[in-house]
Amino acid sequence: AQTVTQSQPEMSVQEAETVTLSCTYDTSESNYYLFWYKQPPSRQMILVIRQEAYKQQNATENRFSVNFQKAAKSFSLKISDSQLGDTAMYFCAFMKAGGTSYGKLTFGQGTILTVHP
Amino acid sequence: EAQVTQNPRYLITVTGKKLTVTCSQNMNHEYMSWYRQDPGLGLRQIYYSMNVEVTDKGDVPEGYKVSRKEKRNFPLILESPSPNQTSLYFCASTLLAGAYNEQFFGPGTRLTVL
Numbered sequence: 004a005q006t007v008t009q010s011q012p013e014m015s016v017q018e019a020e021t022v023t024l025s026c027t028y029d030t031s032e033s034n035y036y037l038f039w040y041k042q043p044p045s046r047q048m049i050l051v052i053r054q055e056a057y058k059q060q061n062a063t064e065n066r067f068s069v070n071f072q073k074a075a076k077s078f079s080l081k082i083s084d085s086q087l088g089d090t091a092m093y094f095c096a097f098m099k100a101g102g103t104s105y106g107k108l109t110f111g112q113g114t115i116l117t118v119h120p
Numbered sequence: 209e210a211q212v213t214q215n216p217r218y219l220i221t222v223t224g225k226k227l228t229v230t231c232s233q234n235m236n237h238e239y240m241s242w243y244r245q246d247p248g249l250g251l252r253q254i255y256y257s258m259n260v261e262v263t264d265k266g267d268v269p270e271g272y273k274v275s276r277k278e279k280r281n282f283p284l285i286l287e288s289p290s291p292n293q294t295s296l297y298f299c300a301s302t303l304l305a306g307a308y309n310e311q312f313f314g315p316g317t318r319l320t321v322l
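Taken in order, these protein sequences are the chains called A and B.
Note that the working numbering numbers the first sequence so that position 63 is 66, with each residue one more than the last.
Note that the working numbering numbers the second sequence so that position 38 is 246, with each residue one more than the last.
Hints in this document: simulated from the structure, not taken from any laboratory.
Just so it is clear, CB atoms sit at the ideal spot from N, CA and C, and this is done for glycine as well.
Certain hints may be false.
Examples of chain A residues lying across from chain B (beta carbon under 10 Å, computed) [what the hints assert, rightly or not]:
| no. | residue |
| --- | --- |
| 1 | A4 |
| 2 | S10 |
| 3 | M14 |
| 4 | A19 |
| 5 | F38 |
| 6 | E55 |
| 7 | A62 |
| 8 | N65 |
| 9 | A75 |
| 10 | G88 |
| 11 | F94 |
| 12 | M98 |
| 13 | G106 |
| 14 | L108 |
| 15 | T109 |
| 16 | P120 |
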């Protein structure tokens, strides 16, 4: 079974600064996907970024980038030029790329990020 | 507009009173699933369905039932709700549970069982 751990329950950052959210995972799978989801106060789950495990290059989406360390099973999210609209709960998630139970997302506990003006 | 809808969005009920939370998607997705979100635990999968009439248990299926009679609908049934089922529930769908396809989430249903 896979586990995902987010060790930072809460974080805060000043507007325009950079913040990094941590995520570690445990799996015996060699092929999988990793995701960061954003959940603003509206509760909607919004996909921020995804990473395929077979790709060495770190994914980027505008101000969001990841640091994927496969050997260390680490998948951190860096938010640059933080904006007030980035205030949300952020979830790290894992999904197998095949076999049984694929399609299932395994989530971490979540990190509440607050961006201060 | 491509979307996943859930109803109701909020529900307060009492222990033992059967309820159904509906989920519908208009994207012709094959794979649908239900998650519950609890503080400190993240989201956990309750049940999933690979296609019509094909359903299976996720990580926390106890106390829940599902059915998939039509491709677009995947209702979650609580036959005898208990207070420990107070939670935020999400329905999600994706085209195929194979090569990566983005999962689309519904807006969530906040359930309180008294």
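Status of each hint after checking the structure:
Satisfaction of the interface hint for A4 of chain A is found here, the shortest Cβ-Cβ separation to chain B being roughly 9 Å, below the 10 Å cut-off. The beta carbon of S10 of chain A comes no nearer than 12 Å to any beta carbon in chain B, farther than 10 Å, and the hint placing it at the interface is violated. Interface hint at M14 of chain A: violated, since its Cβ lies 16 Å from the closest Cβ of chain B, which is beyond the 10 Å cut-off. Interface restraint check for A19 of chain A: the shortest CB-CB distance to chain B comes to about 29 Å, outside 10 Å, so the restraint is violated.
About 9 Å separates the beta-carbon of F38 of chain A from the nearest beta-carbon of chain B, less than 10 Å, and the hint is met. Because the smallest distance between the Cβ of E55 of chain A and any Cβ of chain B comes to about 7 Å, under 10 Å, the interface hint for this residue holds. Checking A62 of chain A against chain B by beta carbon gives a least distance of about 12 Å; that is not within 10 Å, so the hint is violated. Interface restraint check: N65 of chain A against chain B, minimum CB-CB distance 17 Å, threshold 10 Å, status violated.
For A75 of chain A, the suggested interface contact is broken, since its CB lies about 21 Å from the closest CB of chain B, more than 10 Å. Against a cut-off of 10 Å between C-beta atoms, the interface hint on G88 of chain A is violated, since the closest Cβ of chain B lies about 18 Å away. At its closest, the beta carbon of F94 of chain A sits 6 Å from a beta carbon of chain B; the interface hint therefore holds under the 10 Å criterion. Given the 10 Å rule on beta carbons, the hint for M98 of chain A holds: about 8 Å separates it from the nearest Cβ of chain B.
Residue-level restraint check for G106 of chain A holds (minimum Cβ-Cβ distance to chain B is 3 Å; threshold 10 Å). Annotation: L108 of chain A was flagged as interfacial toward chain B, and the flag holds, the nearest CB pair being 7 Å apart, inside 10 Å. At a threshold of 10 Å, the smallest CB-CB gap from T109 of chain A to chain B is about 8 Å, leaving the interface hint in force. For P120 of chain A, the shortest C-beta to C-beta distance to chain B is roughly 27 Å, which exceeds 10 Å, and the interface hint is violated.
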